[in-house]
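The opening position of the sequence shown corresponds to residue 21 in our numbering, with each subsequent residue numbered one higher.
Worth flagging that the hints you see were computed from the coordinates, not collected in a lab. Note that the structure is a prediction, hence the values are computed from the model and not measured. Please note: incorrect hints may appear among the correct ones.
[Said to hold, decoys possible] Here are the simulated lysine to aspartate or glutamate pairs, DMTMM-like style, with alpha carbons at most 25 Å apart:
#  : residue 1 : residue 2
1  : Lys-106   : Glu-39
2  : Lys-108   : Glu-31
3  : Lys-87    : Glu-62
4  : Lys-87    : Glu-72
5  : Lys-33    : Glu-84
6  : Lys-69    : Glu-91
7  : Lys-68    : Asp-58
8  : Lys-114   : Glu-39
9  : Lys-35    : Glu-84
10 : Lys-69    : Glu-88
11 : Lys-87    : Asp-58
12 : Lys-106   : Asp-29
13 : Lys-36    : Asp-113
14 : Lys-108   : Glu-22
15 : Lys-68    : Glu-39
16 : Lys-73    : Asp-58
17 : Lys-33    : Glu-109
18 : Lys-73    : Asp-94
19 : Lys-73    : Glu-88
20 : Lys-28    : Glu-39
21 : Lys-87    : Glu-61
22 : Lys-33    : Glu-125
23 : Lys-35    : Asp-117
24 : Lys-73    : Glu-84
25 : Lys-36    : Glu-125
26 : Lys-43    : Glu-109
27 : Lys-43    : Asp-113
28 : Lys-106   : Asp-58
29 : Lys-73    : Glu-61
30 : Lys-106   : Glu-125
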Amino acid sequence: MELIRQIKDAESKAKKLFEDAQKYAAGAEEKTKKGRIDRLEEARQHRKKTIEKSKEQGRGEGAEQAKEIMEKADRRLQQLKTDAAKRKESAADKIVDFLHNRLIEKTQ
Numbered sequence: 021m022e023l024i025r026q027i028k029d030a031e032s033k034a035k036k037l038f039e040d041a042q043k044y045a046a047g048a049e050e051k052t053k054k055g056r057i058d059r060l061e062e063a064r065q066h067r068k069k070t071i072e073k074s075k076e077q078g079r080g081e082g083a084e085q086a087k088e089i090m091e092k093a094d095r096r097l098q099q100l101k102t103d104a105a106k107r108k109e110s111a112a113d114k115i116v117d118f119l120h121n122r123l124i125e126k127t128q
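Full structure from sequences and hints, please.
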């Protein structure tokens, strides 16, 4: 009976720790998004406006260079978003593995 209670306590603690870890990972992702990703997005929007102005004013060559730069920035932005998602997923996996191992230790 005591062992069952200990297992239930361990499960509830593990669930609480996992929820806290998810909140922490989400907070870290938000900081990342608000930091580099938002700045890149703002720069991308600015370059897009610059390209449109250049096209209106007939500056074709400069617009092409700006377009290439914007495409590179778009790829970098997408890579940062992917990396942030992978880090969040990896952190959650590590926490689940740790808690699972702790639960196994408690039950043995």
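Here is what the structure says about each hint:
1. A hinted pair counts as satisfied when its Cα atoms are at most 25 Å apart, and Lys-106 with Glu-39 qualifies at roughly 18 Å.
2. Taking the CA atoms of Lys-108 and Glu-31, the gap is about 22 Å. The hint holds against a cut of 25 Å.
3. With a C-alpha separation of about 15 Å, the suggested pair Lys-87 and Glu-62 falls inside the 25 Å cut-off, and the hint holds.
4. Restraint check for Lys-87 and Glu-72: satisfied, since their Cα atoms lie roughly 10 Å apart, inside the 25 Å limit.
5. A distance of roughly 57 Å separates the Cα atoms of Lys-33 and Glu-84; the hinted pair therefore is violated under the 25 Å criterion.
6. Of the pairs offered as hints, the one joining Lys-69 and Glu-91 holds, with about 14 Å between alpha carbons and a cut-off of 25 Å not exceeded.
7. Under the criterion of a C-alpha separation no larger than 25 Å, the hint pairing Lys-68 with Asp-58 is consistent with the structure, at around 15 Å.
8. Proximity of Lys-114 to Glu-39 is assessed by CA-CA distance (about 13 Å); at most 25 Å being required, the pair is judged to hold.
9. Among the hinted pairs, Lys-35 with Glu-84 is inconsistent with the structure: their alpha-carbon atoms are about 53 Å apart, more than 25 Å.
10. Taking the CA atoms of Lys-69 and Glu-88, the gap is about 14 Å. The hint holds against a cut of 25 Å.
11. This hinted pair checks out: Lys-87 and Asp-58 have alpha carbons roughly 19 Å apart, not beyond 25 Å.
12. Restraint check for Lys-106 and Asp-29: the C-alpha separation of about 31 Å exceeds 25 Å, so the hint is violated.
13. For the hint linking Lys-36 to Asp-113, the alpha-carbon distance of about 15 Å falls within 25 Å, and the restraint holds.
14. A distance of roughly 36 Å separates the Cα atoms of Lys-108 and Glu-22; the hinted pair therefore is violated under the 25 Å criterion.
15. As the CA atoms of Lys-68 and Glu-39 are separated by approximately 40 Å, the hinted pair breaks the 25 Å bound.
16. For the proposed pair Lys-73 and Asp-58, the alpha carbon gap of about 23 Å is at most 25 Å, so the pair holds.
17. At most 25 Å may separate the alpha-carbon atoms for a hinted pair to count; Lys-33 and Glu-109 meet this at roughly 21 Å.
18. Proximity of Lys-73 to Asp-94 is assessed by CA-CA distance (about 19 Å); at most 25 Å being required, the pair is judged to hold.
19. With a C-alpha separation of about 16 Å, the suggested pair Lys-73 and Glu-88 falls inside the 25 Å cut-off, and the hint holds.
20. A C-alpha spacing of about 16 Å is found between Lys-28 and Glu-39, which places the hinted pair at or below 25 Å, so the restraint holds.
21. Proximity of Lys-87 to Glu-61 is assessed by CA-CA distance (about 15 Å); at most 25 Å being required, the pair is judged to hold.
22. Taken as a hint, the Lys-33 and Glu-125 pair is honoured in the structure, with Cα atoms around 14 Å apart against an allowance of 25 Å.
23. As the CA atoms of Lys-35 and Asp-117 are separated by approximately 12 Å, the hinted pair is consistent with the 25 Å bound.
24. Distance restraint check for Lys-73 and Glu-84: the Cα-Cα separation of roughly 12 Å lies within the 25 Å cut-off, and the hinted pair is therefore satisfied.
25. Of the supplied pair hints, the one linking Lys-36 and Glu-125 holds, its CA atoms being roughly 18 Å apart against a limit of 25 Å.
26. Using a Cα cut-off of 25 Å, the hinted pair Lys-43 and Glu-109 holds, with the two alpha carbons roughly 12 Å apart.
27. A threshold of 25 Å between alpha carbons decides the hint, and for Lys-43 with Asp-113 the separation of about 14 Å falls inside it, so the pair holds.
28. In summary, the hint linking Lys-106 to Asp-58 is supported, as the alpha carbons are separated by about 18 Å, within the 25 Å threshold.
29. Proximity of Lys-73 to Glu-61 is assessed by CA-CA distance (about 19 Å); at most 25 Å being required, the pair is judged to hold.
30. Of the supplied pair hints, the one linking Lys-106 and Glu-125 is violated, its CA atoms being roughly 28 Å apart against a limit of 25 Å.
Hint check: violations occur at hints 5, 9, 12, 14, 15, 30; the rest are consistent with the structure.
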